[in-house]
Amino acid sequence: MEILDFYADWCGPCQMMKPTMEEFKKVHPEIKVTAINIDDEEEKAESFEVSTIPCLVVLKDGKEVNRVVGVQSLKKLEKLVK
Amino acid sequence: MKYDVIIVGAGIAGLTAAIYATRAGKTVLVLEGKVPGGQIINTFHIENWPGDLGISGVDLIQRTQKQAIDLGAKIEMEEVEEIEKTENGFRVVTEDDEYAAKAVILAVGAEDKKLGIEREDELTGRGVSYCATCDGAFYKEKDVAVIGGGNTALYDALYLADIVKKVYLVHRRDKFRGDEALVEKLRKKENVKFVLGYVPGEILGEEKVSGLKLVPSGKVDGVVDDREIIVDGMFVAVGKKPMTEIFADLVDLDENGYIVAGEDCRTSCEGVFVAGDCRTKNVRQLVTAAGDAAVAVNAITEYLSK
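These protein sequence lines map, in sequence, to chains A and B. Residue numbers for the first sequence follow this note's numbering, so the first one is 301 and each next one is one higher. Residue numbers for the second sequence follow this note's numbering, so the first one is 9 and each next one is one higher.
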């Protein structure tokens, strides 16, 4: 399982979510989390049709299985990958 | 554990209340279901918070949160589902746990009002947005619509006009609630088109927004036919709604859902106090939210010493 974490430096909610993502990574070392700065990787954001950040896309075997926009708590992240 | 005070909401009102209550020697738990900070974290540059010109919402909240924790408050990221009055206080039920408190402060704030049309939720993040400064950058060289007639809508349209190809400003009346000066600025923008007398009836597009079907609002004479606009994004700015629904049985709410309380921040339920944007009041600003917090904690201290 992999999580794509679409963010930008100018996005307040994305900054607020950083500590939660860090904690999530500690709790779930088995899940790969890839942070994607939408300003640097515009094409990737476009290919996933991301138009609101923060946006988390959950991939399983390379396929999208879940997606959420907006800030998530650690507990909500847990539910997302279940 | 039983707390002296449970504060619901970790925006500027809730966090300031935590600071005041811990300093008054109370044990404090703050419960937040979404994200600390609330609305202000979308603001990059705050000019009306005293003492720090240009601070960002995120910095302000992170500092205030740290201050509350350093002073002894506990913050849990849990959504409150129910508050019940008990014999000697309150039972607060969250999504994962249950807590007891002698007194409660509701500082739940407000969120963006939705249009309430079909597929709005489904397409949020796929063309439907409630925050122009957050998502505007995704629409470079594209056409977008802004829905609303207040200052937020006007500011959004101005902001977007500098980024996108074309902005349709859709408003149900032909007059704006927002400032005339902003309307004038918009009129001077060549890529802003006013679409007045219409409301969105249907969002077009399968996987993402590709357009909007607009229907006459009935508020402007001569506007009678439906029309369609082709847009990649729709920014909804039709006002705020307090997040108070679950407290309707606990405290009195006004017709718009705001918790009824005067400047003393006391609600209709003894032991429940209110602070910030979710209270009935005229001015909803950071400083008035913080002001409410101090007043509410003062009232709580009085209440608990009875």
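By construction, these hints were calculated from the structure, which means they are not laboratory data. Treat each hint with caution, since some may be false.
[Said to hold, decoys possible] These stretches of chain A come out as covered by chain B in the derived footprint (C-beta under 8 Å, 3 or more residues):
hint	region
1	349-359
2	363-374
[Stated by the list, open to error] Computed, partial: chain B to chain A, Cβ under 10 Å:
hint	residue
3	41
4	48
5	52
6	56
7	103
8	106
9	107
10	135
11	141
12	208
13	209
14	212
15	216
16	217
17	241
[Stated by the list, open to error] If you anchor each label on the Cβ, the simulated ranges turn out as follows:
hint	chain 1	residue 1	chain 2	residue 2	range
18	B	62	A	380	32 to 38 Å
19	B	311	A	347	55 to 61 Å
20	A	363	B	183	38 to 44 Å
21	B	188	A	329	53 to 59 Å
22	A	330	B	260	31 to 37 Å
23	A	329	B	290	47 to 53 Å
Where a beta carbon is used, it is the ideal one built from N, C-alpha and C, also for glycine.
Okay, the hints, checked on the actual structure:
Given a C-beta distance limit of less than 8 Å, the hint that chain B covers the region 349-359 of chain A holds, as 6 residues qualify and 3 suffice. Against chain B, the region 363-374 of chain A contributes 6 residues with a C-beta closer than 8 Å to a partner C-beta. That satisfies the three-residue criterion, and the hint holds. Checking residue 41 of chain B against chain A: minimum C-beta separation of about 7 Å stays under 10 Å; hint holds. This hint holds: residue 48 of chain B has a C-beta 8 Å from the nearest C-beta of chain A, less than the 10 Å allowed.
Interface hint status for residue 52 of chain B: upheld, as the beta-carbon distance to the closest one in chain A is roughly 7 Å, under 10 Å. Interface restraint check: residue 56 of chain B against chain A, minimum CB-CB distance 17 Å, threshold 10 Å, status violated. Taking 10 Å as the C-beta cut-off, the interface hint given for residue 103 of chain B holds, the closest approach to chain A being about 7 Å. At about 15 Å, the closest approach between the beta carbon of residue 106 of chain B and any beta carbon in chain A exceeds 10 Å, and the interface hint on this residue is violated.
Here the hint on residue 107 of chain B is broken, as its CB sits about 16 Å from the closest CB of chain A, past 10 Å. Given hint, residue 135 of chain B at the interface with chain A, holds; its Cβ is 6 Å from that chain's nearest Cβ, closer than 10 Å. About 8 Å separates the beta-carbon of residue 141 of chain B from the nearest beta-carbon of chain A, less than 10 Å, and the hint is met. For residue 208 of chain B, the interface hint is violated, since its Cβ never comes within 10 Å of a Cβ in chain A; the closest pair sits about 17 Å apart.
Restraint check, residue 209 of chain B versus chain A: the minimum CB separation of about 22 Å is more than 10 Å; hint violated. Taking 10 Å as the C-beta contact cut-off toward chain A, the hint placing residue 212 of chain B at the interface is violated, the least distance being around 15 Å. Given hint, residue 216 of chain B at the interface with chain A, holds; its Cβ is 6 Å from that chain's nearest Cβ, closer than 10 Å. The beta carbon of residue 217 of chain B comes within 8 Å of a beta carbon in chain A, closer than 10 Å, and the hint placing it at the interface holds.
With a cut of 10 Å, the hint placing residue 241 of chain B at the interface with chain A holds, because the nearest CB-to-CB distance is about 7 Å. Taking the beta carbon of each, residue 62 of chain B and residue 380 of chain A are about 35 Å apart, inside 32 to 38 Å as hinted. A beta carbon spacing of about 57 Å between residue 311 of chain B and residue 347 of chain A agrees with the range 55 to 61 Å that was offered as a hint. For residue 363 of chain A and residue 183 of chain B, the Cβ-Cβ distance of about 50 Å falls outside the hinted range of 38 to 44 Å, so the restraint is violated.
Take residue 188 of chain B and residue 329 of chain A: their Cβ atoms lie about 57 Å apart, and the range 53 to 59 Å holds. The given range of 31 to 37 Å is broken by residue 330 of chain A and residue 260 of chain B, whose C-beta atoms sit roughly 50 Å from each other. Distance hint check for residue 329 of chain A and residue 290 of chain B: the Cβ-Cβ separation is about 51 Å, which falls inside the suggested range of 47 to 53 Å.
Hints 6, 8, 9, 12, 13, 14, 20, 22, counting from the list given before, are not met by this structure.
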